[in-house]
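Asks: So you can see what is in the structure, the chains are spelled out below.
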Amino acid sequence: MEDPTSGTTHDLLLALAGRVDDDLLRWARELVALGEDARAVEMLTASLVAAKAVLPPHVRSALVTAAHTARTDLGPAAALPPPEPEDGTEHRFAAPAGDDPVAGAVLDFPARPLTGCTVLLARRLTPAGTAPGPLPHPVVLVRVHDRTRRADVLTYQLAAALERAGAPASVEVLPADGPIPAYHAAALEVAVELRDDVTDERPWRPEPAPRPQPAPPPERHALAQPTELPPRRRAPEPHPLAAPSPTPRLAEETDRAGDLEHRVVEGTVEDTPAEDRAAEDRAVEDRAAEDSAVEDRAAEDSAAATARLRPAERELSTEPAHRLDAPRERYADDRDERDEPAEEADDARRDVPEEARAEPAVDADEPFPEPPSPHPLAAPRPVPVDDGRRPARPTPLRARNERPRPTVTPISRSAPKPIPLVKRNGPNPVPRPLPVGESRPPLRRVDDERDGFAPPQDERPEPVRDAPERRETPALESLADPLNGPLHQPLLAPLLDPTRPEDGPLGRADDGRADDGRADDGQADDGQADNGQADNGQAEDRRPDDRGSDDAVDGPAARQFDDEWSQEWLSGTWAMAPSALDEPAGGREEERAEDEPDRSPRPAPRPPARHRFSDADRERSDEAEEPAAPDAGRDETGMRSDSIARLSDADRQLLARLQAELLEGRRQRIGRRITNGVPTNGSHRGVPPDDYSA
Amino acid sequence: MSGARAAACHELLLRLAGRLPDELLWRMRDWLADGGQEVLASTLPRELLRHRAAITDDERELLETAVGSTHPLVDAVHPAAEPPPTQAEFEPGNGAVDTAALAVLAVVRGHPGCVELRQSWRGGQRIVLVIGAERPWELAGTLQRVMRAHGDRTPCVEVLPAHGERSSYHQAAIIGSRPLWRSATALVGA
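Residue numbers (our numbering), protein chains in the order written: chain A, 1 to 694; chain B, 1001 to 1190.
No lab work stands behind these hints: they were computed from the structure. Quick caveat: nothing in here was measured; it's all calculated off a predicted structure. Among the hints, a few may not be true.
Stated by the list, open to error - Here are the computed distance ranges between Cβ atoms for each label pair:
id, chain 1, residue 1, chain 2, residue 2, range
1, B, 1064, A, 69, 27 to 33 Å
2, B, 1099, A, 35, 36 to 42 Å
3, A, 166, B, 1049, 32 to 38 Å
4, A, 110, B, 1068, 35 to 41 Å
5, A, 150, B, 1099, 39 to 45 Å
6, B, 1082, A, 82, 43 to 49 Å
7, B, 1103, A, 97, 22 to 28 Å
8, B, 1109, A, 134, 21 to 27 Å
9, A, 165, B, 1078, 37 to 43 Å
Ideal placement from N, C-alpha and C gives every residue a C-beta, glycine not left out.
Let the hints inform the model, and build the full structure from the sequences given.
Replies: Written as structure tokens, this is what we have:
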């Protein structure tokens, strides 16, 4: 980092800290965070060239290299005055006051971006650049223990947050274990630690933990206990503490903090001669003491802090020194040895907080081991949540599956389950139930459809509900509703019932179960004496299917028919034809089913209607429609005569038409539909039901 | 040459007031005050292009004088028949004089050639208008730094010639301004 020549623009910006005005530095960092390094370098170079800034060799060379890379026309190599080595920095810093607004803004900054970071605050007492802002200028120092995040982005984020909070400040993000420019070293000497999120890496985990807590609190506890990270997590602590004052936190966290806190709390910086002398090594402090009382105070503070830290620093510095030496070499060469103590002090500071928490290196490593803890926490959270969600979602699916199963039993009779299931499950249940408004009932209907009854069901329910548009789907839904959810559609059943008696097919479906269905069957039977017999046979099979136990009995024979029916069902013609067939064929169901596959499919649709009626009738329609009640005794064959007797003249006429249609085959079905006001398409059968309802 | 070039730069930067961001304009004026004509020559054409600022023929002449006609980007700057009318709104404020205004006044009073000092507000941004000054770019740089020292991060200091055509931006600013000081000699002379 310190080595501006090391490469990154962020490093160059660090090296230029204090050499240009803070607004330009903030602007450049924003540009860098956005990836506009070239413009950032151009602006910096222009300002330095215009100001004829004298830079140390390493910074100047870095700037020249960056400007060349950015293709600027400024030519800093020739425009800038010759380099001059520097000894330390001319800038002086002081500890912030207890009520520093920047400290509050820093404490309010979310902990997540600062995970693995130590944030310190200092006030620069000296101007920077040719057009400096008011002083003392706040400088936020971020020591990054976790190298996984981008320093330039973090700098921009924190600076932007502070500016939004109305407390603009310079943000300097430094590596925790690398060499530090003299400017930052001087700032760190007096800086007050606002928050130590080195454990933040842990906090990262803890943060997610609170979220999952509702679901998997025990897991968190288990994780937290072994690691004891939560207590270490200082980020959360500072937040609560932040409100009172940032300084106390600092004191708590580090030894320095303690000293600094006392000073800060007092509101004045008190010097101790011994400490100052110890700090004399650092030219910056000495300069400060000489310059002015204020400067003296700042220097004294920094000196005292450094002196106190030194022992620990030296101890700690030995380790980091190895690391730092290599990178420092260039920088150290440029610098005087004076810089080293500052660096050591920095290291010591690092170490100090780390020791309090844990070793810095350990902290850096910890984040990696720690992440598992958050992971487990996160995992539990989603897991319970997902589980809860999953079961809820699947339940409807299961319900569908379950529903089809019961319906399957009737299906087994009427037609092969697999075929109808595919067809029915796919198109019928999905679209129909959704438009109808009751998704669940349609599911049941689907089951009915699986049985092969679906097409007829479609017809009946459709007319009742939204027949014209949803056609088959509503019918299926309505059918399913009576079977599975009679309670949901009790109202529909009565509506269906009146229509059913009129519509022979609906009545048939209801024959055994619902009065309405019976009435319908009677109509169909009456009108379709010849065809009606075969249809009736089928209808009977289907009816028992609808009934449940009866369906199981008829299953095998009916299944063959159902296969044919299922094909017809798929074609969609079934729905239309079966309704008509069902009505007339009420008596001769078996014959038609066996003899004619086409007819069999026709009756197949009828059965679905039966399902509706049977279920709905038993549960719903029975009560609603009285005419169906007399038909109750009509089951299948017997139903025909009864139904005919019950039918009105108009109904009888309709039945006659139906019979004629049955003779014609599918066309007859269409005719009925037309009579019902239903369009020709089986899918449109839903319309006829509407007509019935109307 | 340097004086004429700097004057051309200053005149061009004056005309660009309200057409380039304040944060950029004050910085360029600061560079100019520091004698950074070369810096402006390198950066101004690029910034004009970056901000899609079109310039009139007169402004192009100023640009060529300031930057040099050989600059590769001068020809790339968008042309404009007329300078765009300003949409900025200025208010004279309540007349209160704060320390920043006093500091500016202190500097202006001692600068040769200054006739009048006015202050206006564009939203929350203070606009300092100085009419008449020798080496106006230097006065502008100084006043900008004074303003920054008082917390104005993007000082808007317009050091206008005592006579001459002013842009719509400056006309609106003068109309929406309040006088802070007027030279006695200028009044007597008038």
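Asks: Hints first: check each against the structure and report whether it holds.
Replies: These are the hints, each one checked on the structure:
1. For residue 1064 (chain B) and residue 69 (chain A), the hinted distance range of 27 to 33 Å is satisfied, since their beta carbons lie about 29 Å from each other.
2. Here the CB-CB span from residue 1099 (chain B) to residue 35 (chain A) is close to 40 Å, well matched to the stated 36 to 42 Å.
3. The hinted window of 32 to 38 Å between residue 166 (chain A) and residue 1049 (chain B) holds, with their beta carbons roughly 34 Å apart.
4. For the pair residue 110 (chain A) and residue 1068 (chain B), the beta carbons lie near 50 Å from each other, so the given range of 35 to 41 Å is not met.
5. Under the hint 39 to 45 Å, the C-beta atoms of residue 150 (chain A) and residue 1099 (chain B), about 41 Å apart, fit the expected range.
6. Roughly 47 Å separates the CB atoms of residue 1082 (chain B) and residue 82 (chain A), a value that falls within the hinted 43 to 49 Å.
7. One distance hint, 22 to 28 Å for the beta-carbon pair residue 1103 (chain B) and residue 97 (chain A), holds here, with the actual separation near 25 Å.
8. Between residue 1109 (chain B) and residue 134 (chain A) the C-beta distance comes to about 23 Å, which sits within the given range of 21 to 27 Å.
9. For the pair residue 165 (chain A) and residue 1078 (chain B), the supplied restraint of 37 to 43 Å holds, since their beta-carbon distance comes to about 39 Å.
Hint check: a violation occurs at hint 4 only; the rest are consistent with the structure.
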